[in-house]
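Peer 1: First to last, the protein sequences are chains A and B. Here the UniProt record's numbering is used: position 16 in the first sequence is 16, and no number is missing along the way. Here the UniProt record's numbering is used: position 51 in the second sequence is 51, and no number is missing along the way.
It should be emphasised that the hints constitute simulated quantities derived from the structure, not laboratory data. Heads up, a few of these hints could be off.
Heads up, the list lumps identical chains together, so a pair's fine if it works in one copy or across two of them.
[Claimed, not checked] In silico SDA-like cross-links for lysine to any residue, where the CA-CA straight-line distance does not exceed 20 Å:
hint: 1; residue 1: Lys73; residue 2: Asp95
hint: 2; residue 1: Lys25; residue 2: Asp136
hint: 3; residue 1: Lys42; residue 2: Thr131
hint: 4; residue 1: Lys25; residue 2: Pro133
hint: 5; residue 1: Lys88; residue 2: Gly107
hint: 6; residue 1: Lys88; residue 2: Tyr3
hint: 7; residue 1: Lys88; residue 2: Met1
hint: 8; residue 1: Lys25; residue 2: Arg69
hint: 9; residue 1: Lys42; residue 2: Lys88
hint: 10; residue 1: Lys25; residue 2: Glu7
hint: 11; residue 1: Lys4; residue 2: Ser70
hint: 12; residue 1: Lys88; residue 2: Ser2
hint: 13; residue 1: Lys4; residue 2: Lys42
hint: 14; residue 1: Lys88; residue 2: Glu125
hint: 15; residue 1: Lys4; residue 2: Pro133
hint: 16; residue 1: Lys25; residue 2: Trp49
hint: 17; residue 1: Lys25; residue 2: Ala138
hint: 18; residue 1: Lys25; residue 2: Tyr39
hint: 19; residue 1: Lys42; residue 2: Glu23
Remember, it's a predicted structure, so these values are computed and weren't measured experimentally.
What follows is each chain in one-letter form.
There are 2 protein chains.
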Amino acid sequence: MSYKDRETLSPGTELDTDTLIAELKWDNNGLVAAIAQQYDSKDVLMLAWMNETALRETLQTGRACYWSRSRGKLWRKGEESGQVQLLKEIRIDCDGDTLLLLVDQTGPACHTGRRSCFYTRLYPEPAQILTAPLIDPATLYSK
Amino acid sequence: MSYKDRETLSPGTELDTDTLIAELKWDNNGLVAAIAQQYDSKDVLMLAWMNETALRETLQTGRACYWSRSRGKLWRKGEESGQVQLLKEIRIDCDGDTLLLLVDQTGPACHTGRRSCFYTRLYPEPAQILTAPLIDPATLYSK
């Protein structure tokens, strides 16, 4: 069965976790996009990437672990800053190339110290900065 | 000024739209990721991709236009299905490689006829299908 084949299944149909993971559409770098959303406010916090190892660690530990494309290694969210994401739910999109993580974010998700990475408004005009840091990033990363 | 340089700006600081667009971090295919979120319910609807042409058309028309990677052409959301996304707001993430579109989605965002593409739960177990189509996709694409 593929993601395409599952499109017609009814709500409540149970699926095999390992099959869903095996059939994810990893890109040429072995990654899928992962959107992190605060589970209660529903604010979108950030977009990151996961390889299979990061996804399996996230499932095992209940804390979000991503793959850092810039650093080329696993990125256990909060390992430096202390601002972890406790996992509430993971959903997969219709074609199996994007994950939606519902998380409980401790403090800021963004490296700038802001709650969300999406703090710059492009539209409507005027484009502007929307939010301030919750914490000085110099404090976040000095631990 | 770069996205990095703007990190320390205060809320309300106004920015130049064309500069923000020019400095987006387009990937090797000239694309940025675009998350579509229903503006009032805050449900995440889908993840798609935009090139500069798609972004500028979206800003000009007030309706979401993406770049279809599978079809290799502009994808005016709803042009076949009639299920358009009226643009409310666009936000850019801290490093300028992801857009968050707040939209008012007419009917289903997903090609399966479901409101959201994220209808498959991976975690917590049991993994399962969460939602049913609002509309039979055979009806959506027969117009």
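Peer 1: For every hint, state whether the structure bears it out.
Peer 2: Hint-by-hint comparison with the structure:
1. Taking the closest pair of Cα atoms, Lys73 and Asp95 come within 20 Å of each other only across two copies (19 Å); inside a single copy the shortest separation is 26 Å, beyond that limit.
2. Taking the closest pair of Cα atoms, Lys25 and Asp136 never come within 20 Å of each other, the shortest separation being 38 Å inside a single copy and 25 Å across copies.
3. For the homomeric pair Lys42 and Thr131, the shortest alpha-carbon distances inside one copy (17 Å) and between copies (18 Å) are both at most 20 Å.
4. Neither within a single protomer nor between protomers do Lys25 and Pro133 lie at most 20 Å apart by alpha-carbon distance, with minima of 35 Å and 23 Å respectively.
5. Taking the shortest alpha-carbon separations for Lys88 and Gly107, only the intra-copy value of 16 Å comes in at or below 20 Å, while the best inter-copy value is 27 Å.
6. When the C-alpha separation of Lys88 and Tyr3 is checked against a cutoff of 20 Å, the pair qualifies neither within a copy, at 23 Å, nor between copies, at 31 Å.
7. In this assembly of identical chains, Lys88 and Met1 lie within 20 Å of each other by CA distance neither inside one copy nor across copies; the values are 27 Å within and 38 Å between.
8. Both within a single protomer and between protomers do Lys25 and Arg69 lie at most 20 Å apart by alpha-carbon distance, with minima of 18 Å and 14 Å respectively.
9. In this assembly of identical chains, Lys42 and Lys88 lie within 20 Å of each other by CA distance both inside one copy and across copies; the values are 12 Å within and 17 Å between.
10. For the identical chains of this complex, Lys25 and Glu7 are intra-copy neighbours only, at 15 Å inside a copy versus 33 Å across copies, given an alpha-carbon limit of 20 Å.
11. Within a single copy, Lys4 and Ser70 get their C-alpha atoms only as close as 32 Å, which misses the 20 Å cut-off; across copies the closest is 15 Å, which meets it.
12. When the C-alpha separation of Lys88 and Ser2 is checked against a cutoff of 20 Å, the pair qualifies neither within a copy, at 25 Å, nor between copies, at 35 Å.
13. Taking the shortest Cα distances, Lys4 and Lys42 never come within 20 Å of each other, neither inside one copy (28 Å) nor across copies (26 Å).
14. In this assembly of identical chains, the alpha carbons of Lys88 and Glu125 lie at most 20 Å apart only when taken from different copies (11 Å versus 35 Å within one copy).
15. Within a single copy, Lys4 and Pro133 get their C-alpha atoms only as close as 42 Å, which misses the 20 Å cut-off; across copies the closest is 14 Å, which meets it.
16. In this assembly of identical chains, the alpha carbons of Lys25 and Trp49 lie at most 20 Å apart whether taken from the same copy (13 Å) or from different copies (16 Å).
17. Taking the closest pair of Cα atoms, Lys25 and Ala138 never come within 20 Å of each other, the shortest separation being 38 Å inside a single copy and 25 Å across copies.
18. When the C-alpha separation of Lys25 and Tyr39 is checked against a cutoff of 20 Å, the pair qualifies neither within a copy, at 25 Å, nor between copies, at 28 Å.
19. Taking the closest pair of Cα atoms, Lys42 and Glu23 never come within 20 Å of each other, the shortest separation being 27 Å inside a single copy and 28 Å across copies.
Going through the hint list in order, the structure does not satisfy hints 2, 4, 6, 7, 12, 13, 17, 18, 19.
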